[in-house]
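2 protein chains.
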Amino acid sequence: MAPKNAFYAQSGGVSAVINASACGVLQTAREHSHEIGKVYAGRNGIIGALTEDLIDTSLESEAVIDALKHTPGAAFGSCRYKLAAIHEHRGQYERLIEVFRAHDIGFFFYNGGGDSQDTAHKVSQMGVRLGYPIVCIGIPKTVDNDLPITDCSPGFGSMAKYVATSLREAAFDVASMCRTSTKVFVLEVMGRHAGWTTAACALAADDENSAPHILLLPEVAFNEGRFLAKVEKTLERYGHCVIAVSEGLKGPDGKFISASGLQDAFGHARLGGVGPLISDMIHAKFGCKCRWAVPDYFQRSARHIAAETDLQQAYAVGRAAVEFAIAGKNAVMPAIRRLNDAPYRWDIIEAPLSEVANQEKLMPPDFISADGFGITEAARRYLAPLIVGEAYPPYKNALPHYVQLQNVAAPKKLTKEFAV
Amino acid sequence: MAPKNAFYAQSGGVSAVINASACGVLQTAREHSHEIGKVYAGRNGIIGALTEDLIDTSLESEAVIDALKHTPGAAFGSCRYKLAAIHEHRGQYERLIEVFRAHDIGFFFYNGGGDSQDTAHKVSQMGVRLGYPIVCIGIPKTVDNDLPITDCSPGFGSMAKYVATSLREAAFDVASMCRTSTKVFVLEVMGRHAGWTTAACALAADDENSAPHILLLPEVAFNEGRFLAKVEKTLERYGHCVIAVSEGLKGPDGKFISASGLQDAFGHARLGGVGPLISDMIHAKFGCKCRWAVPDYFQRSARHIAAETDLQQAYAVGRAAVEFAIAGKNAVMPAIRRLNDAPYRWDIIEAPLSEVANQEKLMPPDFISADGFGITEAARRYLAPLIVGEAYPPYKNALPHYVQLQNVAAPKKLTKEFAV
Chain A
17 MAPKNAFYAQ
27 SGGVSAVINA
37 SACGVLQTAR
47 EHSHEIGKVY
57 AGRNGIIGAL
67 TEDLIDTSLE
77 SEAVIDALKH
87 TPGAAFGSCR
97 YKLAAIHEHR
107 GQYERLIEVF
117 RAHDIGFFFY
127 NGGGDSQDTA
137 HKVSQMGVRL
147 GYPIVCIGIP
157 KTVDNDLPIT
167 DCSPGFGSMA
177 KYVATSLREA
187 AFDVASMCRT
197 STKVFVLEVM
207 GRHAGWTTAA
217 CALAADDENS
227 APHILLLPEV
237 AFNEGRFLAK
247 VEKTLERYGH
257 CVIAVSEGLK
267 GPDGKFISAS
277 GLQDAFGHAR
287 LGGVGPLISD
297 MIHAKFGCKC
307 RWAVPDYFQR
317 SARHIAAETD
327 LQQAYAVGRA
337 AVEFAIAGKN
347 AVMPAIRRLN
357 DAPYRWDIIE
367 APLSEVANQE
377 KLMPPDFISA
387 DGFGITEAAR
397 RYLAPLIVGE
407 AYPPYKNALP
417 HYVQLQNVAA
427 PKKLTKEFAV
Chain B
17 MAPKNAFYAQ
27 SGGVSAVINA
37 SACGVLQTAR
47 EHSHEIGKVY
57 AGRNGIIGAL
67 TEDLIDTSLE
77 SEAVIDALKH
87 TPGAAFGSCR
97 YKLAAIHEHR
107 GQYERLIEVF
117 RAHDIGFFFY
127 NGGGDSQDTA
137 HKVSQMGVRL
147 GYPIVCIGIP
157 KTVDNDLPIT
167 DCSPGFGSMA
177 KYVATSLREA
187 AFDVASMCRT
197 STKVFVLEVM
207 GRHAGWTTAA
217 CALAADDENS
227 APHILLLPEV
237 AFNEGRFLAK
247 VEKTLERYGH
257 CVIAVSEGLK
267 GPDGKFISAS
277 GLQDAFGHAR
287 LGGVGPLISD
297 MIHAKFGCKC
307 RWAVPDYFQR
317 SARHIAAETD
327 LQQAYAVGRA
337 AVEFAIAGKN
347 AVMPAIRRLN
357 DAPYRWDIIE
367 APLSEVANQE
377 KLMPPDFISA
387 DGFGITEAAR
397 RYLAPLIVGE
407 AYPPYKNALP
417 HYVQLQNVAA
427 PKKLTKEFAV
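Those protein sequences? They're chains A and B, same order as listed. Be aware that the first sequence starts at 17, since it is given in the numbering used here, and climbs by one per residue. Be aware that the second sequence starts at 17, since it is given in the numbering used here, and climbs by one per residue.
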C-alpha cells in the first residue's frame, strides 16, 4: 500500500527561520518515503488546503530545499486565518476532508504560533469527530516567544539577536553624538502582549552602565511620572538615554499607550507607534533632541543576523514533527526543553496541542527588575543562550542569496470552488 | 627637533566605519613617529580643541586601536558644531591657536562630511591669516554620500548594504503575508537632500519584478496622483508593493512632505516621519493593510553588516590623510577616484578643501529612471561595487564585540576656560 501524503503549511507572522522548519519537515519526510508519500504545501497556510491550492514540493530540488535553511519569510506563503470551531462552521471542515481525501493526505503539519496551534488542534478534533483519520502535528514558530510549554519558540532567538545587536550599535551612535545632538534614542520593538523581545534588548548591555538604560515592558503598566524621573536621572548620569519600548505598552487602565489619549505638542492624538510617542513625551519634558526607530518587519526577517541556536531549533522541531508522526503520535507539538543554562543544553519533548493552543506565555514576574524598567539575572540566564552563534547566509552580488521556490500547484482533483 | 603633534577629530553624524578612518590615521601616524609626535583626539570633535579637552591616543594599546576597524559610532565623540567665519568670530580661532600652540600641534585632521570639510578649510585659512602654521587635511565621511569630487564617501557603502539587505528581507516577509495581511511596506531611509541611500534600496531587487517596486527620491518632486497610480498597478500585478522613501521627500513646492499640509485620516497634520505618512496615504486610498519601518540610526551604525569595500576605503582615506600631511600637502582631502566599474578598481587622489566644503552632490539625472520611481542601469553600475564584501565584526557572548577606548584627557596647559 502506498504511504499517505502529507500537508504542511506556514501560518501567522513569519520569521527569519520558519523556512528552516519547513526544510526539517521536507528533508525528514524525503528520508522516510516508505512512511510518507508526497508533501503538499498549502499556498498561504490553511487557505491552500481550503482552496485546493496545494504546492507539490516533490518538484523542488534538494539544493533548493536545503537553501530554505537560510531564507527568511514563508516560502509557501503564510496567512492570518483562523478556523471557526467545528460546530460553528462544519462546512469548512467538510471541505478540508474533501481536499485531503482527494489528495490522499494522512498527515497534517502546521507551523505557527498560538493561533496556528489552535488550527492544528481543531483539525485533529475534526479527524475524530467527522471520521477522517489524520495525524496532526503542530510545529512551533513565533518571534514573540509566547508559546507555552516549549522553553522558547523558534524565530525568537534570531529576532532577539537582531534587536540586541542593532540597539548596541545605535547606542554607540547616540553616545558619540550626545554632547551637541541626540541625547535620547527610543527603539520600538514587536511583542504586543509579551515582553520577550523588549527584554532581549537588555542583552545589548555589557554591564549595568551600558545601554539600554530603560525597558518599557508590556507586562508593566506605564507610569509617566516614574518613567520621566528615570529618564532624567539617566541623562544626568550618562549624558544620554537609550530606551526600548514594546509596541504593546499599556497604561494603568490596561489600554495600549499608542492608542490612548496622549497628545503630541499640537494637541493631536498620536496614532500608531508608541516609540515616536515616547520620544515626543521626553522631548516635551526635557527639550533635548530625541530620535526613535521602528524597525518593524526588519526585526523578524533579519536572516542576515540570525542566531545559530535558533536556526538549529527551528530545523529540529520540523524534523521532530515528522518523526513524531511516523512514531504514531498525534495532536502534539514538538517543544524545546531546556536541560541546562550554561553550557546550554536542550532536547525535544512533546506538548499536547490542547495545551498550547491559544495560550500566551508572558514574562514571569521574577524576570522583571524591581523598578519594572529592566530585567533580572534570571531573565539574562534564560535569554543569553538563545542568541548564540552567527548563522550567516551565503552572499551573491554582495547581498544575501535567498531562494524562491517554483511553488508549482498540484493538479486540482475537485471541481467545486471554496470561498475563504 | 621633536616632531609636531597632531590633532584628529570626528565630526557630524557618525557611521559604521568612521572609526576605521581613525584607525588609519593613528596607525599611520605611529608608523611615522619621526614626522608626527603624539596624536591628540578632540573629545566631541572641534569642541575638544576649543575646550582643551584633548584625548591622548598614545595611551591606547595597539590592539584597541586596531579594534576601531570593527567598531561603529565615533570613538572620541562627535559633534554638530560649525565654526563661524574668521571675521565673524576671531576669538574662536585665537583660542584654537592658543590650544594648538600649548600642545605643539602642527597637524589638523578633521573627519566628516560637507560641514566638517568647511571647518577644516576655515582652520587652514586661520593658519595663513593669523600666522600659525598648521597642516590641515580633511578626511571624508558621510553616510549620505553627498561629498563632491570623491567618487563615494566612506560610510555610505555600509549604509547602502544595510538598507538593501534589510529591504530584501522585509520584501520576502511581505510577499509571504500579502494574501491575507500586509500588502504594502514602506521603508523610510536617511538622506535629507541627496537620494543615494534611497537609490541603494534598489539593489535589493534581483530583477525588474523584485522589490522595491517604487523609490521616492528627494531629487524628484512628489506627485500624489502619479504615485498612487503606480502603487495600484503594482498591487494588481504582484499582490503587494514595497516602497523606499527618502526622509527628505519634497512636494512640487519644494517643501518637505513630512512637514507639509498633508493630513491623516483624522484631519491632523502629520509630524515627523514621511514613511508613516506615505503608508497612511496608501491605506486611505486602497484600504489595504500597510506597514512602515523607520530604522533611523540602525542604518548608519550597522557595523554587523558593513561592506568590506567601504571599510577598506574608510581606512585608506585615514592613512592617506597622514601620508598627505607628511608629504607636505595642505588644505586638501583624500578623495576616492573610480578607475573601473567591473572589476571595481579605485585609488586615492587629493581634492582641495575649498572645493569640497559645503557642497552637496545630488543624484545626477541620468541615474534616475524616466518615470522618476527607480534608478537606471548607470546608477546600478555605480552603486553595485560599493556594497561588496562582508566585513563581519568579531563576536563575544553572541554579540558584536565593539571596543570603548579609555579616552584619557591630556593634562591641560591653559588656565582659561572657553565656552562653546
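Keep in mind the hints are simulated off the structure, nothing from the lab. It cannot be assumed that every hint is accurate.
You can't tell identical chains apart in this list, so a pair holds if it fits in one copy or across any two.
[What the hints assert, rightly or not] Straight-line Cα separation of at most 30 Å, DSS-like style, residue types lysine-lysine; simulated pairs:
#1 246 to 429
#2 98 to 246
#3 432 to 246
#4 345 to 98
#5 98 to 301
#6 301 to 20
#7 412 to 429
#8 305 to 20
#9 98 to 305
#10 20 to 271
#11 345 to 412
#12 345 to 20
#13 345 to 432
#14 428 to 246
#15 271 to 428
#16 98 to 429
#17 246 to 301
#18 412 to 301
#19 271 to 249
#20 246 to 345
#21 432 to 20
#22 345 to 249
Comparing the hints with the structure gives:
no. : hint       : in the structure
1   : 246 to 429 : neither (64 Å within a copy, 38 Å between copies)
2   : 98 to 246  : neither (42 Å within a copy, 33 Å between copies)
3   : 432 to 246 : neither (62 Å within a copy, 36 Å between copies)
4   : 345 to 98  : within (24 Å within a copy, 70 Å between copies)
5   : 98 to 301  : between (44 Å within a copy, 27 Å between copies)
6   : 301 to 20  : neither (65 Å within a copy, 47 Å between copies)
7   : 412 to 429 : neither (40 Å within a copy, 55 Å between copies)
8   : 305 to 20  : neither (63 Å within a copy, 38 Å between copies)
9   : 98 to 305  : between (44 Å within a copy, 18 Å between copies)
10  : 20 to 271  : neither (49 Å within a copy, 64 Å between copies)
11  : 345 to 412 : neither (42 Å within a copy, 41 Å between copies)
12  : 345 to 20  : within (15 Å within a copy, 79 Å between copies)
13  : 345 to 432 : neither (33 Å within a copy, 81 Å between copies)
14  : 428 to 246 : neither (62 Å within a copy, 34 Å between copies)
15  : 271 to 428 : neither (47 Å within a copy, 55 Å between copies)
16  : 98 to 429  : within (25 Å within a copy, 73 Å between copies)
17  : 246 to 301 : within (12 Å within a copy, 42 Å between copies)
18  : 412 to 301 : neither (48 Å within a copy, 38 Å between copies)
19  : 271 to 249 : within (27 Å within a copy, 38 Å between copies)
20  : 246 to 345 : neither (52 Å within a copy, 51 Å between copies)
21  : 432 to 20  : within (23 Å within a copy, 87 Å between copies)
22  : 345 to 249 : neither (56 Å within a copy, 48 Å between copies)
This entry does not satisfy hints 1, 2, 3, 6, 7, 8, 10, 11, 13, 14, 15, 18, 20 and 22, going by the numbered hints stated previously.
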